[in-house]
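*Asks:* Letter by letter, the chains look like this.
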Amino acid sequence: MAEDLLRAEHISKRFGGVVALDDVSLTIRAGEICCLVGENGSGKSTMIKIISGVYTPDEGDIYINGHHYKRLTPIEAIHEGIQVIYQDFSLFPNLTVAENIAINELLASGKQVVDWKEVEQIAREGLARINASLPLDAVVETLPAADRQLIAIIKALLANARIIIMDEPTTALTQREIQALFNVIRELKQRGLAILFVSHKLNEVMEIADRTVIFRNGKKVLDQGAAGLDIPTMAYYMTGRRLDTSAVTFEKIDETAPPLLRVEGLTLHGGFYDVSFELKAHEVLGVTGLLGSGRTELALSLFGALPADAGRIFIEGKEVVIRSITDAVAHGIGYVPEDRIREGLFLDQPIADNITVTLIERFLRRLGLLDLRTKSAEAERWIRHLEVKTPSGELPVKTLSGGNQQRVVLAKWIARSPKVLILNGPTVGVDVGSKVEIHELIRQLAHQGMGILLISDDIPELMQTCHRILLMRAGRIAREFRREEITEQALNAELVAAATVESR
Amino acid sequence: MLKKAIRTHEFIIFLILVALSLVVGIINPAFFSVSTLFDTLRASIVYFIMSFGVLPLMIAGGVDISFVAIAAMTSYTTHMFLLKLGYEGGTLLYFFIAGAMGLLAGLLMGFLVTRFNLPVFNVSLALYTMWYGFNLFFIGATANFDLPQGTVGYYARFLVTAKDPYVGQTGLHVSIIYAVVVGVFVWWLLKYTIIGRGLFAIGGNKEVAIRSGFNVNFIWMVAFALMGVLSAIAGVTQGFLSRYFNPVLFITQPLDVLAGIILGGASITGGRGTVIGTALGVLLIQIINRALILTGIPVQWQKLVVGIILVVFTSIPAIRAQRARRLRRTTEAA
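Sequences listed follow chains A and B, in order.
So the first sequence is residues 1 to 504, counted in this note's numbering.
So the second sequence is residues 1001 to 1334, counted in this note's numbering.
Take these hints with a grain of salt, some might be off.
[What the hints assert, rightly or not] Taking lysine-lysine and the BS3-like style, the derived pairs with C-alpha atoms no more than 27 Å apart in a straight line are:
1) A:K252 with A:K419
2) A:K117 with B:K1084
3) B:K1206 with A:K111
4) A:K49 with B:K1084
[What the hints assert, rightly or not] Pulled from the structure, derived: some chain A residues nowhere near chain B, Cβ distances all over 12 Å:
5) V18
6) P74
7) S109
8) D115
9) E141
10) K155
11) Y236
12) D353
13) D458
14) H467
15) R479
The set of hints was computed from the structure by calculation and includes no laboratory data.
Source: prediction; values computed, not measured.
Where is the CB? At the ideal position from N, CA and C, for every residue including glycine.
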């Protein structure tokens, strides 16, 4: 039996009237990868903050390395070897790799003058610990997310971490980078470190976990060795309901109907080359590929944000020219962006305004004034229709959970009733329960006659929503699959194969 | 290594400086003279000192415009005070009194920013107005030309002198030493001290700087104190170089100084900036001034030209980023 590094026992935490954690215990052992899983609001973030000393629990005890704490401060947590790697990696984008790695050690030394040779030496030692090679004098903001994450891990190691907590570490990574991260995590485990891997991506949990802990509504509902756990079981414990994905019915497509959207030889230099496909009404067409395969560029190009250099686009048989987003919207194309926070929402603005912003000209009266009553009625209709969970449409969007925010982005575009809707990673950062509902919504939209282009690298998602899937590789469409002709495993293998081709 | 140096912002500014000088020199050979060099440097001294004081704040992400008002308030108040006392000594006491006032003015601003967590620009806008108002209301509303006996000859105290074919005897004023010393100090502070690295850290990501254990408020206070002291030194120096003290000294100049710093590669949102770049940016603006006079282009064009260069320069990072993105895509697609 491995040594228990940390035991949090009978922890409860309330915020005002809301119970965030209710009598929850968690043990972290040396040389073990423990995955903490739960939907948004299940209490996993609260737990991280309690064991890293940010929050003080209302009840319960924390034992770390045999020391007993009633209240733990962040400094004590760090001294006990607990390091949290947050999603933002806590780095300085404008400083070099070397300085980012060395900065904590410099500050801890209490010296007021910086010795740059020492900085470089600390950085080299840090890189050597995980056998990584990064350019020491590169500015961090120029590096991909995976490299920045390595720096964050190195910083944790240099702080003599015994327990490394990773909060949703794979969100910004590509498939290939995730595999590289997993290798680093396994390496750390070999050396006896404890890893608490916090995620709601169940396929990743399946792959990496030695032990899986699941929280739901502030309670621990499962804590067992990973062997014998499968994704449906985990999803059941997470959501408290059986998410039946096997019996999904797909919309029938009229194969003889003329295509809604036809693209011929579309090319954007440096993005994608000679892309041709057809999309019919009622059809969900998946586009997959690795980051950098051109999938996002293709989506942005069809939406006019990155106009193509060559090629033709036809909508309902008529050739159209899309040089700007305004053109795309005028031709009935809607786009739900990958990064809803940055590109899809006005976070501080009311939910209702976010939904109606694409329709604003419909509410114009004489003198160019807005008819606010019709506008809020329309917003309310969409909030009800898409089941956005909020007490009022007048609250800012940032008060919503990830899944509900995504519904608002969808509502904003669906409200315009586009002919073609492009969805770019519609469930990135959304928990399992909301994910299933968004998939259901996509199928409903297809049922109503929309043509949907779904850009995603989430293979189960593609398999549960798409009729056909295009695989992009190095800017070209490499393969086309019909859903019924391929399995998840085979599609995954194709995607990984694409990775090895590109990494050469 | 060399290739990297050539791609830096500082090198581009330097090339522009050289190119501009060549063009002007070809049109009017009088530009290539020792006296032009010395005059340009003389006119730049106070701007060097002020911009070196403002640069650390800008690196930390704070935009200040009150430094010009601090320069005016400290220099004019010190002068009028010593005049009343009948002081006839040298320049040193001026620097001490004004410097101390500048320190206090800087600390006051730092207090307002750190204690109440106010945006630097808002506070500086208020203090900019307040310090000029203080001068005009409490001290005096007219420029004063009476210099103490011990300071009268200071304006023509030269470090080196030379014969110039066009204007005869010419010299480089000793106060260039202040600018050099200040520049070296600020460069050292920024590169080799925890405070300096903290300024970059705060400008890069303030939350992370706090979490990493930088004493953020202390670092802010140091930066404000430095800005206050250097503004005072610049104000006094300007008074002696021009041989009068002005209650509204530099009142129209804060944006010119900020323009020099931004031309030199500092980012208005923080995290970026160098002493060398700032010095080159200040020099560039001064040379443009002179170039237009020497080539016979109306002075009114100066602002337009500086504006155009600023537009080009502020777009360069964006254009580069775009190109880098495209290049990255192409390499992945290749």
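*Asks:* Confirm or reject the statement that Y236 (chain A) sits farther than 12 Å, beta carbon to beta carbon, from all of chain B.
*Replies:* holds, 37 Å
*Asks:* Holds or violated: K49 (chain A) and K1084 (chain B), Cα atoms, limit 27 Å.
*Replies:* violated, 63 Å
*Asks:* Quick one: work out the minimum CB distance from D115 (chain A) to chain B and report holds if it exceeds 12 Å, violated otherwise.
*Replies:* violated, 8 Å
*Asks:* K252 (chain A) and K419 (chain A): Cα distance at most 27 Å?
*Replies:* holds, 17 Å
*Asks:* Evaluate the condition: distance from the CB of S109 (chain A) to the nearest CB of chain B exceeds 12 Å.
*Replies:* For S109 (chain A), whose nearest Cβ neighbour in chain B is about 9 Å away, the distance does not exceed 12 Å, so it is violated.
*Asks:* A cut-off of 12 Å on Cβ-Cβ distance, and E141 (chain A) was said to be off the interface with chain B. Does that hold?
*Replies:* violated, 8 Å
*Asks:* Quick one: work out the minimum CB distance from K155 (chain A) to chain B and report holds if it exceeds 12 Å, violated otherwise.
*Replies:* The claim breaks: K155 (chain A) does not keep its Cβ more than 12 Å from every Cβ of chain B (closest is about 9 Å).
*Asks:* Examine each Cβ of chain B, and state whether all of them lie more than 12 Å from the Cβ of V18 (chain A).
*Replies:* V18 (chain A) clear of chain B: closest Cβ-Cβ about 25 Å, beyond 12 Å.
*Asks:* Are K1206 (chain B) and K111 (chain A) close enough, with their CA atoms no more than 27 Å apart?
*Replies:* holds, 21 Å
*Asks:* Taking the shortest Cβ-to-Cβ distance between H467 (chain A) and chain B, state whether it exceeds 12 Å.
*Replies:* Holds, because the least Cβ-Cβ distance between H467 (chain A) and chain B comes to about 27 Å, which exceeds 12 Å.
*Asks:* Beyond 12 Å from every chain B Cβ: check whether that's true for D353 (chain A).
*Replies:* holds, 26 Å
*Asks:* Classify the label on D458 (chain A) as holds or violated, using whether its beta-carbon is more than 12 Å from each beta-carbon of chain B.
*Replies:* At roughly 21 Å from the nearest Cβ of chain B, D458 (chain A) sits farther out than 12 Å, so the non-interface label holds.
In the structure shown, a violation is registered for the earlier hints numbered 2, 4, 6, 7, 8, 9, 10, in ascending order.
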